[in-house]
Each structure stands twice: as structure tokens, then as C-alpha cells.
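From first to last, the protein sequence lines stand for chains E and A.
For the first sequence, the tail end lands on 122 under our numbering, and the numbers increase by one without skipping.
For the second sequence, the tail end lands on 479 under our numbering, and the numbers increase by one without skipping.
Just so you know, the hints here were simulated from the structure itself, not pulled from any lab data.
Some hints here could point you the wrong way.
[Claimed, not checked] 20 Å max Cα-Cα, derived EDC-like pairs, lysine to aspartate or glutamate:
id	chain 1	residue 1	chain 2	residue 2
1	E	79	E	14
2	A	377	A	461
3	E	53	E	14
4	E	114	A	472
5	E	114	E	50
6	E	53	A	472
7	E	79	E	67
8	E	79	E	38
9	A	421	E	50
[To be verified] Covered by chain E, per the in silico footprint, the following chain A stretches (three or more residues, Cβ under 8 Å):
id	stretch
10	387 to 393
11	430 to 436
12	440 to 449
13	460 to 466
For each residue, glycine too, the CB sits at the ideal point set by N, CA and C.
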Amino acid sequence: KQEVTQIPAALSVPEGENLVLNCSFTDSAIYNLQWFRQDPGKGLTSLLLIQSSQREQTSGRLNASLDKSSGRSTLYIAASQPGDSATYLCAVPGANSKLTFGKGITLSVRP
Amino acid sequence: KAGVTQTPRYLIKTRGQQVTLSCSPISGHRSVSWYQQTPGQGLQFLFEYFSETQRNKGNFPGRFSGRQFSNSRSEMNVSTLELGDSALYLCASSLGDPGRGNTIYFGEGSWLTVV
């Protein structure tokens, strides 16, 4: 059974700091890994999807990496801004089309 | 291009009642998935539909059901509501199988409160 862990559950950083959010998964037989952002009371916004054949994916100030062999992914946020404050979730798909999500990391960027 | 649309956004129901939630996927997307999100359990998979067929179902009681129409729109129904059904219900769509490399896009969700 796939399990996805995101630690810590919450993180507070000053504006401008570069930061790394971690995601670990137990079953490395995955097709891809997807990172999402969720603002309070809102749905999930897809940030990046990394295919199993890729090692990195970039979008603007965001960079996600994937290491299947170690069961880890990281989301790097450069020059963080208060607008980056949100909950960040990672998810991996299973054989039955189901995505298994981590519990998320709630990020607060202080002005 | 319109995103995933869910209605209603907020609703309050009484224990024992039933509720129907609606989801319109992104145009051209044939896969629709439903998830329940609660503070304690996080996001849990309910079911996934593709071309009007339920392909997969999560570990929820039979009170939770769904369907997909020929235009890919989907509905989920919860009968005999319990207090524990209070949650954010999220619909997601993708071009193909969400488990096979397709990006999945979520709607804003339907907030259900059972009193």
C-alpha cells in the first residue's frame, strides 16, 4: 500500500528565503508525481507534474525533483513571497487511478 | 479554457438527508475523480469514472455513489447523511487515466456541512 509523507506539517519563513519542501513515498513503482497548492477554503491547483522518466521539472520560481530509487521528491521555491503562503501537497498515482496524497505542508511566508 | 466546475459550492444538510453534488470537467477530459477532504484524514479517493464507467472505487460505504454522463459531467450522491460526512468534496478531471502520467486538475470543491 502506497504511503506518502510530508514533513514538517507546517513551516514559517521570512520573505525572500529559498526553501525546500519534502515528500517521501514508500512504493517507488510510480508513473509520476504531482505537486499541488491549496489556498484556504479552495480546491487544489496543479503546480508541477514530474514523469517517472524525468528528474526535474521547473515552472517559474518552482523546481521539483524526483528520485524514485530513494522514494523522495522535493519542491524548491526560490525567493519566497507572502503570496506563496498556502498548503503544498504531493501526490502519487496508484494502479487503480487513485492518487495517494500526503497530508501537506502549510507554508507561511512572513513579510 | 474553463476549469473544473463544481456546484454547489456550499451546502448544509441535516442528518439522514441525501445530497447530490455536480462536477463539470474541463472540456475534452473524459476521466473524472472524486475525493473527500477532511482535516483528520486528508484527501481520500472516492471513485473515478471514465466514459460513463466507474473504473475504481475507494473504501467508502455504499451510501456514496456516483455516475458520469455522456458529456463527461459527473454527479456524486451521498444518502442517509451522517455528521462525519461533513467535508470538502473535490472533483478532478484529466484527459486520460490519472494513474498513467496525466495531469489532474481540481475544481474548487463543494463544502458539505451535516448538522
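We went through each hint and held it up to the structure:
At most 20 Å may separate the alpha-carbon atoms for a hinted pair to count; residue 79 of chain E and residue 14 of chain E meet this at roughly 14 Å. The hinted pair formed by residue 377 of chain A and residue 461 of chain A fails the criterion: a straight-line CA distance of about 33 Å is larger than 20 Å. A threshold of 20 Å between alpha carbons decides the hint, and for residue 53 of chain E with residue 14 of chain E the separation of about 24 Å lies outside it, so the pair is violated. Between residue 114 of chain E and residue 472 of chain A, the direct Cα distance comes to roughly 18 Å. Compliance with the 20 Å bound is thereby established for this hinted pair.
With a C-alpha separation of about 14 Å, the suggested pair residue 114 of chain E and residue 50 of chain E falls inside the 20 Å cut-off, and the hint holds. Restraint check for residue 53 of chain E and residue 472 of chain A: the C-alpha separation of about 5 Å stays at or below 20 Å, so the hint holds. Restraint check for residue 79 of chain E and residue 67 of chain E: satisfied, since their Cα atoms lie roughly 12 Å apart, inside the 20 Å limit. For the given pair, residue 79 of chain E sits about 9 Å from residue 38 of chain E by alpha-carbon distance, which is consistent with the 20 Å threshold.
Of the pairs offered as hints, the one joining residue 421 of chain A and residue 50 of chain E is violated, with about 27 Å between alpha carbons and a cut-off of 20 Å exceeded. With 0 residues having a Cβ less than 8 Å from any Cβ of chain E, the stretch 387 to 393 of chain A misses the three-residue criterion, and the hint is violated. Counting residues of the stretch 430 to 436 of chain A whose beta carbon lies closer than 8 Å to any beta carbon of chain E gives 0, which falls below the threshold of three, so the coverage claim is violated. Using a Cβ-Cβ cut-off of 8 Å, 0 residues of the stretch 440 to 449 of chain A lie near chain E, which falls short of the minimum of three, so the contact claim is violated.
For the stretch 460 to 466 of chain A, the proposed coverage by chain E is satisfied: 5 residues have a C-beta within less than 8 Å of a C-beta in that chain, meeting the threshold of three.
Going down the numbered hints, you'll see the structure goes against 2, 3, 9, 10, 11, 12, while the others check out.
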